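**Q** Join the two chains into one complex using the hints; note that each chain is given alone, in its own frame.
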Amino acid sequence: MSRTATETSPRTGHQTASHTTNGRPPLLRLSGVHTHIAQYHILQGVDLEIPEGGLTMLLGRNGAGKTTTMRTIMGLWKVSAGEITFAGDRLNGLKTPDIARKSIAHVPETMGIFGGLTVRENMVLAARTGPMDEDRLRWILDLFPSLEKFWNAPAGALSGGQKQMLAIARAVIEPARLLLIDEPTKGLAPAIVGALTEAIRQLKGFGATILMVEQNFAMAKAVGDTVAVMDSGRIVHAGSMADLAEDTALQEGLLGFSMEMHQ
Amino acid sequence: MMFQRLLSGDTPRSRVLTGLIVGIVLALAFAPFLFPGTRSLDTAARICIFIVLVASYDLLLGYTGIVSFAHTMFFGLGAYGVAIALSNLGGGWGAVLLGTVGGVTLAVGLALVIALFSLRVRAIFFAMVTLAVASAFAILVSQLFHITGGEDGLSYQVPYELSPAFKLVKGKILDVRLDGRLVSYYLMFLSAAGLFLLLLRVVNSPFGRVLQAIRENGFRAEAIGYTTVHYRAIATCLSAGVAALAGVLMALWLRYTGPETTLSLDIMVDILLMVVIGGMGTLYGSILGATLFILAQNYLKEVMDLIAQATVGLPVIPDLFAPERWLLWLGVLFILSVYFFPTGVVGRLRGSPR
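So the sequence lines, in the order shown, correspond to chains A and B. Okay, so the first sequence: first residue is 1 according to the working numbering, each after it adds one. Okay, so the second sequence: first residue is 1 according to the working numbering, each after it adds one.
Here are some chain B residues the structure puts well away from chain A; computed CB gaps all over 12 Å:
no. : residue
1   : F137
2   : A193
3   : G313
4   : L330
Computed beta-carbon distance windows for the label pairs:
no. : chain 1 : residue 1 : chain 2 : residue 2 : range
5   : B       : V67       : A       : G93       : 22 to 32 Å
6   : A       : S80       : B       : V16       : 51 to 61 Å
7   : B       : G9        : A       : E148      : 15 to 25 Å
8   : B       : I124      : A       : G93       : 21 to 31 Å
9   : B       : I124      : A       : D243      : 48 to 58 Å
10  : A       : R90       : B       : F340      : 47 to 57 Å
11  : A       : R128      : B       : L97       : 32 to 42 Å
12  : A       : R128      : B       : R13       : 20 to 30 Å
13  : A       : K78       : B       : P206      : 27 to 37 Å
14  : B       : H146      : A       : R120      : 52 to 62 Å
15  : A       : D243      : B       : R13       : 50 to 60 Å
16  : B       : G9        : A       : D243      : 53 to 63 Å
17  : B       : L265      : A       : P145      : 48 to 58 Å
18  : B       : H146      : A       : R90       : 50 to 60 Å
Covered stretches of chain B (chain A as the covering partner; in silico rule of three or more C-beta atoms under 8 Å from a C-beta of chain A):
no. : stretch
19  : 205-211
20  : 214-228
Keep in mind the hints are simulated off the structure, nothing from the lab. Being a predicted model, the structure only gives us computed values, none of them experimental. Glycine included, C-beta positions come from ideal geometry on N, C-alpha and C.
Chain B with its partners taken away, still in its complex shape (with noise of 0.2 Å):
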């Protein structure tokens, strides 16, 4: 009952689905004591806060039916926002929370005007001007360096009790130092999980209805007497607004903020792989994709390497599985996975396209 609550009583609604989403939601709670090591915490660190990236860009695209390529701007206006306080006003709470705020503003303001300018018109061309908006900003970025750091971006130092010198106890549990990083860590993954559940209360919220209702057939929702418009900005703002959030954790996880971390549009490309892959339009997708894709990102190097090793007397086999070849693997299993699940993971395993 809690937890059908606190899922706004949207469940996963299938065994596998419960049981992998749980799965991974363990994995991540206990990451620091699980899989040890600064790699793998990375690893998790950063699966949480594409979880929240990707769950808010799916607010747009699967929810609502808006594409737009504006995304990894948003990120960057958070991640920039608290970067350019930390570096200006020094490691403090203060700067965090200055930086949070301008950016979350600067990024929800800038999605209204987007939004009102462009919305109305057809999809494809919101699509080109969110795409030509956010060029413009990474080039500006690049450009502004003595306030950016230009494409060397920014490295600073965050609140002391994020910073690996804070003892939060002495002493370690299970052979782990219970040390800022941790802390940082847990930061993360509280946030992640928060404004998880944030997006899941909205897409089953009243609203979170005719946004879908817009997705499946926009002219009869006005013709119910929905203003389309309106909705469609509040979800263009809202999603800006967390995909910032997110950005924010990112800028404090890394310690440094610049254009390959968060505007590039590499990671928009990631971000659309990740919600596809997962399912479009239901937000536990955005877990699955999230971190099937970060994991292959970072582990499929190792894997093939071990293949490899294992085939090593095999004739061609092994050249296949060379370690440096591992994005075309990447890119295989791509492919394959839209092949076979075209409704992403979640759609699958749901057994309709909802």
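Bound-form chain A, shown alone (with noise of 0.2 Å):
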């Protein structure tokens, strides 16, 4: 990794979390973003910059706004205030299909997919601009066999793993220029994390910016190249993946525990 961590003091509230990628602005930056679902103020001005390629990690314990954060770049919460630039274009008030439309793509923590629809029909209605690309079809498909297996059944029928491994497939089909991928591994039994963490670090290969929300450690410290942790609506913290792994002091103090008891 050429990339380098700067302004990564810990626990001082505010500070950006910015890594240098060679001088080329961030894809995605958000600055000082606040929102409000009904009267709840979950946001509280979250400054956070992904580099263009590699793969973020949102850390942080349950309700810290890691799902609000993803919710909020794809507009299906409203900013109340910051402002978020992807690509040097401003996100804020764009309406959701218009975001998904600059190519970023939303894997969410419900999955969502079609189930009344075959997994052939989801996986068409996600090439939106078009017919599939066979090639990366193929690819799709040699990722996770069982959506070829269950091609033409509907995907309500598919197991919980199936479904995941469906609509990661889906926002894959098309090369999106940002990733958002909401706790892939959420419910999932060990063996199918295994196959997921393949098929990520797989994209990841192929060059896409993929920013992730994460409980599974194990995973998160085998993908992430860098990290952000996000506490009462704010993040933290940035650095590198690996110095967070290393220093089990830090992660006790940001997550509440290390790491290692997790593995």
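**A** Given below as structure tokens:
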């Protein structure tokens, strides 16, 4: 990794999670983003920069605002203050479909597959701009062979792991510039987690930029390049994954436990 | 292969269902010869028209997940368009064309306005808005009696080729006169078949797939990049346009248009029941739903009369099946069909609620 972390003093409140990428501007930048859900003030000034290429892990305790951050980027929650820019364009105020068309794909926690449609139809829908790219589809089906097996079955009949694979497959059938993946391993058996980890590793190999929320720290450590830790609606730490993985004291301070215990 | 293309690749997918559909289509295609008589021909024509009306409603309810109570209004707009044109301009094809274009345009335009104003809000509000607009429209039609004939409706001449006086060929085939009534019936049958196949094409197109995705999970469809309100608006307009065309057919068939035959809330409820009985989210359901419903509506009395007469010596039973109790039994049949076929007849026959 050529990227180096800057400004990584932990727990000092409002610093920007910034990683220089050979002087290039970050692909996605959140500056001072606030989000309210009903009367609740969930994001309280999120500053986050996602460099182009590589995988940024978004960690934090339950309720820290990780999912809300992702949904806010997608326009599924409204930004109440602050600014989100993607490849230089302002995303604030854009509608969700317009944000998606800027080549940001979102795999939500709930997977959100279309249960009444077949696996194939789910994929065709995701390839919005036209027919699916044959080579890309081949690569996806090799990554997730069970999708090919149930190609013409209703997606609602798939198992939890298969649904998760479909949700990811759907997000990558078109080469998105940014992929937001929310807790892909939630509730999945360890064997499937292994397959997913491999899939995400391969995605990275193709140069995809990924922002991922994950509670499974073995996976987070295995695939993450950089990391941002959230607490109470703010980014409280940003740096390289390797640094965080080595520093158990820091882990306990940020997350309340060390990763070693979770492997 | 040709059938596959004609059906847009969406075959009934069940042997029993295929048998039923083929049976109904053949019966309708040869209805004038198989079931001679004015009443049975009228029933067959109504089935054809309602298949289109129910299928167009299913495009909204079953495929897109939009609940609308304004479907009879669009049906009525088509019917009144032709009725008003024929009453004022005389019974020519030009008037039919003018009335059709006018009625369909008005229906699509009104659907667009309703859609753009209210599809962004929650589903229940959209349903309420459509109910309000449809009620207002029904009142408007009954008030504007110098144009619409009010509660009495309009009777008019249809083009000569569709009237009983017209003779296609002298003589009879299988004891059936080849007159304008027969021409009119086949106009209904062929138009219905064409419109049904068109709708089948729509729901199996990429556009139709997006509609189903919106029904399944609207937010996800947005997050993939589809502006759902546009798709929902187009579906609403398309459904309204086809309903108006069904109204045109109704107006031409009955040679009369009034609130009772096109706008009443009873028809709206009938359409809903036909969709549910046939099976939501599958156009083949409209064929089965409309056929079963209209047959029951028209012939249940006779069947009950037969049962009552056959059991005349027994206690209670003849009273239960007395023909005047037909509405009670129609209700019982609906409850049973919903109980035993929660996914509709088609859903049940296809084995799974797809």
